[in-house]
Amino acid sequence: MTGTPAVVAVAVAVLALVALAVPLLRGGRSRRSFGTSADRAAFAALHEASLAAPPLRSGLTAAGATRAVRHLRSLLGTAAVALTDGESLLAWDGAGEQLHADAAVAHSQQTNASGRTEVLGPGVVLCREPDCPIRVAVVAPLTVEGRVVGSLAAYAQSTSAGLVRATDEVSRWVSTQLELAELESSRTRLMEAELRALRAQISPHFIYNTLTAIASFVRTDPDRARELLLEFADFTRYSFRRHGEFTTLAEELRSIDRYLLLERARFGDRLQVTVQVAPEVLPVTVPFLCLQPLVENAVRHGLEGKPGQGRITIVALDHGSEALISVEDDGIGIEPDAVRRTLSGDPDGDSVGLGNVDERLRQVYGDDFGLVVETAPGAGTKVSLRIPKYRAGVHP
Amino acid sequence: MSDTAYGVAAVGLVIVATVLIGSFALRFSRTTSDFYVASRSVSPVWNASAIGGEYLSAASFLGIAGLILAYGADMLWFPVGYTAGYLVLLVLVAAPLRRSGAYTLPDFAEARTESRTVRRIASILVVTIGWLYLLPQLVGAGLTVSLATGAPEWVGGLLIAVVVVFSVATGGMRSITFVQAFQYWLKLTALAVPVLFLVLAWRSDGGPTPGAGPATFPDRTAVHVTRDTGFVVTDPVRVLADGLLTAPSSGSSTSYAGQRVTLQPGTWRVIAPATLTFPAGAVVPHATSLQPSDGDDWARPLSGAGGRDHPLYATYSLILALFFGTMGLPHVLVRFYTNPDGRAARRTTLVVLALLGGFYLLPTIYGALARVYTPDLLLTGRTDTAVLLLPERMVGGTLGQLLTALVTAGAVAAFLSTSSGLTVSVAGVLSQDMLRGSVRDFRLAAAFSVAVPFVLSLGAFSLAIADVVGLAFAVAASSFCPLLVLGIWWRGLTDVGATAGLLTGGGLATAAVSATIAGVDRDGWAGALLAQPAAWTVPVAFAVMVLVSLGTPHRVAHGVARTMVRLHAPEAVALSAHPPRQP
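If you read the protein sequences in the order shown, they are chains A and B. If you're matching positions, the first sequence starts at 1 in my numbering and goes up one per residue. If you're matching positions, the second sequence starts at 1001 in my numbering and goes up one per residue.
A portion of the hints provided could be inaccurate.
[To be verified] Pair ranges (Cβ atoms, derived):
1) B:1561 / A:192: 19 to 27 Å
2) B:1435 / A:237: 57 to 65 Å
3) A:66 / B:1569: 43 to 51 Å
4) B:1569 / A:51: 36 to 44 Å
5) B:1451 / A:338: 52 to 60 Å
6) B:1491 / A:146: 53 to 61 Å
7) B:1435 / A:340: 43 to 51 Å
Note that these hints are calculated values from the structure, not bench results. Even for Gly, the Cβ is constructed at its ideal location relative to N, Cα and C.
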């Protein structure tokens, strides 16, 4: 009857779903490994270290320390481990939290001052409880670029050369992670500084040319001159905007519209613009000023160095969970090598904006989402980019 | 013109028109140096038409009328539920969901719970619901194309699958909003115009209503059997038989070639192709998958007409599934993203309610007329074809053929629009969460996400189209509804709670649905619970999500306060730092 093929079909569907689910849900590889006990110990240590690393990458914060300290204690194998930032206790893991946590900052004072690993005996780590597993402490400094930024304290029943060495090594490993975090945040700061520079970077030529063009209309066509001045004001307001790393594609396009309106006042019919925008992608969140520099480049390359008209084509298409955007001109083109240098961060190139946009796109969306430039001398230039419609943490 | 010429022309025209509008709508309206026009967002009316176009699937266009023909008044909850789902959506989630910035349901899950695990589970559920929803579309396409052109049934499904993969994978639908909006108005026209002629024909016929007794043939009727089927004869009836029949008593098969034969009470079996000609006024034997019902029962709610056990439970369960399932359909959220802000999302939903409310009056009329004019479908069990057969039956002639072609065109539009919407959603999720998300991956994912339901549609399913779609709603209501409602309105939801709730609700509903589709015997309470799982799976999912979240308060997402502000505060609040432009 009809039941049998239906059963088979459903079985096929369930199998397909399972096949889909397995790679999706697979958190990690199978834990079973073949090797000597030394191998396994090394694997276990590396695994713990890899678990402790991500929380530390946001710097020495209470939240990160709380998540990392558990793994640090299993690396050290001591009764308790504490992390401080020199002034306060960030996290405590293990036994004796009620009795000793308050004293952790005091225990770290000596290390903070000396910058060396110190061993505190039972005389310093006082405990009234007879069966307390905490008798001694090994306190190692955490350093970033030579500065002591905190301490790692291992508490145990008794001290040994091995424990001191281990604490020392772990503290050095944590310091490396903290330095990486520092590096990461300075990279972000650099980006922000560049974005600020980009915001302020309306070229003096553009301002001069625009104002001259407007001035030429003041007598002949005062209404148009007034319109253009207002557009100019709006354009600068958007470009000088102080806050927000992201905006919507609609906003970005509106600003480009104003920019092109001002450029058309100057170039007149020489500047031809074609725009195709799928309305579905207008609400997409994009990095602030990610298209503006591309259009400026297109105007420059499309009109300069050649007589007659230049056409700029701006296309934004809807493609599943992404928006595909391209800015194209039919101008003199660029040497591919020059583009390559610009995109790889060479500051000498004449399109600073291009490299900055590329870098910001990669930083936000990942390396797959950089700019794609198609160009050759005499063949025009096309710059395309893909923007995911949603990315965690990206909001206008 | 021959019978099939109109049908072929209708199918071809819709496909060509869809592809053309998809490729050129953008060019016509958007190639201009006037930037302002190009960067204007979609108005709520256009957007609502697009949502309507994508939403009205084979289940709405064909399925509802078929269910009403077979099961009567209880099935009116289908059109009500399909529409009212948007009311719940409007009140509870429309604006916050738009403000979340999420494009897909997994995006929302990740934004709210800040957990990749919840995102992955949501992805799997999107694929499950998408496939469950695509399956009846392809089955319906097979039915329609085979009826219109005489082709085998797999042809229609393949045709739709190929067109959808082609247009989705090549990005051929440049402006999907306008394509879908066109499809809505096409579907509305394709049902509304014929219905005028049908009602006129019905009036001139003396306005017959379904009798109080069992369904009978209004005229001498030749029933063409195109698929092997079993049917139950209750009253002995003398028919003109052409084809192979298996008698109930002896179990022996006899081949007839236009002889008269008396069908004795019992379960007969007929092997396709065959033709049975019944006299006027004879009681219609029912396919083994259906139970005969009196006209009185048919017209009375909660009578269990057509052999649906526990009608009260089944009705409430259906209501729950449809009301709360709409918000969890993957292709609905995607269209809301096109709205510029939360306010526009609400306005759009309001227009959608009006558009759907208008549309859903029509299938009801078809269903009632089908009971009078096409009761033979109860014998073949192919009640889903009622809408397609009525114009030919009631109007006839060239006009009838033209109207049939129009209805066929509407049906093809229904398969195309819903399938492409679902495919975009499923392919987006597959390419993003399983592959690396490149353009090529998206194409592969699009092909894969249609191929699986197409293969499934080749299996012989005895379930009605609208029933399968109802099951997709049940899974959505048991998984995404709790996630969305709790995620938007309760800050205590944790990633562990969401995971547990999605797995329990989605898992239970999927299991019940799989059992139902696989044809596990449906008797008594167990059968009713499996056939309509929403009434127990939705509360279970909510309870699990709430209780597990309460048990894991330390897992509340770190950024929950910021997320909540974004979801509930109007966009202008965040943007107030910009002074408005001076006039």
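Are there hints from earlier that the structure breaks, and if so, what are their numbers?
-> As far as the earlier hints go, 2, 3, 5, 6 and 7 are violated by this structure, in ascending order.
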